[in-house]
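Asker: Each chain, letter by letter, is given below.
2 protein chains.
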Amino acid sequence: MNSLNNLQTLIANSQRIALFSHIRPDGDAYGTSLAFALSLRAIGKEVTIYNEDGLSSLYSFLPQSHLITSPPQNPPPETTLIAVDTATQDRLGSTFLSWKIQPDLNLDHHISNTLYGKMNWIDSDSPASSQILFELLQQLQLPVTAEVAQCLYVGIMTDTGSFRYRQTTAKTLEIAAALIRAGANPSELSQSCYQNYSASRLLLQKEALNTMKFDHDNQIAYFRLTPEMFQISGASSEETEGLVESLQAVRTVEVAFVIEKIDETTTRASLRSRGKIDVQKIASELGGGGHTLAAGIRSKLPLPLLEEKLLEKINFSLQSASGSK
Amino acid sequence: MNSLNNLQTLIANSQRIALFSHIRPDGDAYGTSLAFALSLRAIGKEVTIYNEDGLSSLYSFLPQSHLITSPPQNPPPETTLIAVDTATQDRLGSTFLSWKIQPDLNLDHHISNTLYGKMNWIDSDSPASSQILFELLQQLQLPVTAEVAQCLYVGIMTDTGSFRYRQTTAKTLEIAAALIRAGANPSELSQSCYQNYSASRLLLQKEALNTMKFDHDNQIAYFRLTPEMFQISGASSEETEGLVESLQAVRTVEVAFVIEKIDETTTRASLRSRGKIDVQKIASELGGGGHTLAAGIRSKLPLPLLEEKLLEKINFSLQSASGSK
Numbered sequence: 001m002n003s004l005n006n007l008q009t010l011i012a013n014s015q016r017i018a019l020f021s022h023i024r025p026d027g028d029a030y031g032t033s034l035a036f037a038l039s040l041r042a043i044g045k046e047v048t049i050y051n052e053d054g055l056s057s058l059y060s061f062l063p064q065s066h067l068i069t070s071p072p073q074n075p076p077p078e079t080t081l082i083a084v085d086t087a088t089q090d091r092l093g094s095t096f097l098s099w100k101i102q103p104d105l106n107l108d109h110h111i112s113n114t115l116y117g118k119m120n121w122i123d124s125d126s127p128a129s130s131q132i133l134f135e136l137l138q139q140l141q142l143p144v145t146a147e148v149a150q151c152l153y154v155g156i157m158t159d160t161g162s163f164r165y166r167q168t169t170a171k172t173l174e175i176a177a178a179l180i181r182a183g184a185n186p187s188e189l190s191q192s193c194y195q196n197y198s199a200s201r202l203l204l205q206k207e208a209l210n211t212m213k214f215d216h217d218n219q220i221a222y223f224r225l226t227p228e229m230f231q232i233s234g235a236s237s238e239e240t241e242g243l244v245e246s247l248q249a250v251r252t253v254e255v256a257f258v259i260e261k262i263d264e265t266t267t268r269a270s271l272r273s274r275g276k277i278d279v280q281k282i283a284s285e286l287g288g289g290g291h292t293l294a295a296g297i298r299s300k301l302p303l304p305l306l307e308e309k310l311l312e313k314i315n316f317s318l319q320s321a322s323g324s325k
Numbered sequence: 001m002n003s004l005n006n007l008q009t010l011i012a013n014s015q016r017i018a019l020f021s022h023i024r025p026d027g028d029a030y031g032t033s034l035a036f037a038l039s040l041r042a043i044g045k046e047v048t049i050y051n052e053d054g055l056s057s058l059y060s061f062l063p064q065s066h067l068i069t070s071p072p073q074n075p076p077p078e079t080t081l082i083a084v085d086t087a088t089q090d091r092l093g094s095t096f097l098s099w100k101i102q103p104d105l106n107l108d109h110h111i112s113n114t115l116y117g118k119m120n121w122i123d124s125d126s127p128a129s130s131q132i133l134f135e136l137l138q139q140l141q142l143p144v145t146a147e148v149a150q151c152l153y154v155g156i157m158t159d160t161g162s163f164r165y166r167q168t169t170a171k172t173l174e175i176a177a178a179l180i181r182a183g184a185n186p187s188e189l190s191q192s193c194y195q196n197y198s199a200s201r202l203l204l205q206k207e208a209l210n211t212m213k214f215d216h217d218n219q220i221a222y223f224r225l226t227p228e229m230f231q232i233s234g235a236s237s238e239e240t241e242g243l244v245e246s247l248q249a250v251r252t253v254e255v256a257f258v259i260e261k262i263d264e265t266t267t268r269a270s271l272r273s274r275g276k277i278d279v280q281k282i283a284s285e286l287g288g289g290g291h292t293l294a295a296g297i298r299s300k301l302p303l304p305l306l307e308e309k310l311l312e313k314i315n316f317s318l319q320s321a322s323g324s325k
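From first to last, the protein sequence lines are chains A and B.
Note that my numbering gives residue 42 to position 42 of the first sequence, counting from 1, and the numbers run on in steps of one.
Note that my numbering gives residue 34 to position 34 of the second sequence, counting from 1, and the numbers run on in steps of one.
The hints are simulated quantities; they were obtained by calculation from the structure and are not laboratory data.
Treat each hint with caution, since some may be false.
Note that identical chains are pooled: a pair holds if it fits in a single copy or bridges any two copies.
In silico lysine to aspartate or glutamate, EDC-like type, Cα no more than 20 Å apart, as pairs [claimed, not checked]: (1) Lys276 / Glu188; (2) Lys276 / Asp217; (3) Lys213 / Glu245; (4) Lys171 / Glu188; (5) Lys309 / Asp278.
Just chain A, with the same shape it has in the complex:
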């Protein structure tokens, strides 16, 4: 880890800064990179914000979101590179990897972070990279403008599931309160994040629910997504985020998953655990990865076969867990 002084020196000596965040970006990736950029711009730095996947329409409501662009083919000259909210360097995307440059700073909250930066500023107890950044901005006496506050609020709110997930602490809510006082509007921002779905997305959810099944005394819940469902509903593939969470609302469900046929050669699964089962372990056995409570798989197995293998492994884990009580 690095001292605050080193970080202070890095920023003082950098006139041009480029921020990066992970592929398939979420609210914390966008929120943290945008907030950091806007704060650094406020003190006169030239800052660009890159994401391999560009800007998702779901987050275009963020202030100055137009600043988020896809990275250029070649690295910008004499530019300090900062990665935020990204556990491993390859998650920064293929363009960044092709530059073959180590980031100068790696700021993140993932416990699986591989410390790939020249400096690494990691707090795996923090529920969101935006929370780490807020504390850092205060320590470095960098400005938290109203726009910075809005971005940080979105990062914290989305990565804590609206202050519900495990790593949410009193400090998280105190920081959120400070961000509101600095100009973040909680109801407007939550409406932008959570009441911002298309009608098609709800139609897709309906189609998915019609394939819903339970297993292992309602401890497993799952449904399917197929290309046909996207066609019928008109939903786009980025709109599947959060669908699996509707299954987690059932009190008996220890493991929920959604399994998606992408095309004839690719199947994707997204797994969630209530806590008893380590879904990262199950995913990794099938070529995927992630966290204890949330993991994913991309596989060449056809959907029915991957589904069968998943059910087998989850059932086995549940049996083992209840046996070891």
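Please build the complex by placing chain B on the supplied structure of chain A, with the hints as guidance.
Answerer: This is chain B only, laid out in the frame that chain A set:
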């Protein structure tokens, strides 16, 4: 309104206290009454907690929830009566009304509160009665034990939709943080509140979504509930709470409603507005009531007819609203 001194005197002079909250109780009704009772018990008062509908299984996780019972036929002697979170006296239920006693204290946050208490402690800017009670306990120097904090946290969290609704302020999050420091566990309590559904409830949602329709360029979304759906899914009638909110997640939806056939002679509708349309006005025209953003109707009209009238009125309101721009 009444001064803090009067309230202090009331509590000092009361040895036996009974708390009441509204019929069809929610997290704020249960949370506030239970928190108040536990704090008063901690200083040696004899406190009972009544609710006409007793304790819902959805909230049995609250600490000491077994203390919540249906009120006795006759009023307990020499007992101070406190109503919490209840806008009008009739919402305290038929048993309380039959006692023909005015509550000594009426603590509430509803803007429509009719000030029916001998003392009235109302703050309609507050997003939850539990938030008002927390401030009051502090002012009266009454104990906020871990159990009190848990109940208050649930009241605030549920009545703000997890810190998302309009009246959520920095103060709300600061109080929530203080409650966490006093012993409320945010992830455990939110799991109890939001991941506590039965599998049947999800099956009911599936059935309802299959009847979903959109109208007025996706500005209206609605679905039906019928006795057959409850039979197929196995869900109970109290499990319909929150179903309408899945429709509100769509960004174009200004008004969402769920319409339910209770039996051959009764139809119920539950309406939600994003802000532009006053659904209380629409509901009151059809014999119902409520708030600007959330209202309900109980009607003798058969479902298809009430649905038709609702659609007519909502369409008209949307036309008027867009015409008056």
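Asker: The structure should be examined with respect to each hint, and the outcome stated for every one.
Answerer: To see whether the hints hold, each was checked on the structure:
1. Lys276 / Glu188: between (35 Å within a copy, 14 Å between copies)
2. Lys276 / Asp217: Within one copy only: 15 Å inside, 44 Å across.
3. Lys213 / Glu245: within (15 Å within a copy, 23 Å between copies)
4. Lys171 / Glu188: between (22 Å within a copy, 17 Å between copies)
5. Lys309 / Asp278: Close inside one copy (16 Å), not across copies (51 Å); limit 20 Å.
No hint from the list above goes unmet by this structure.
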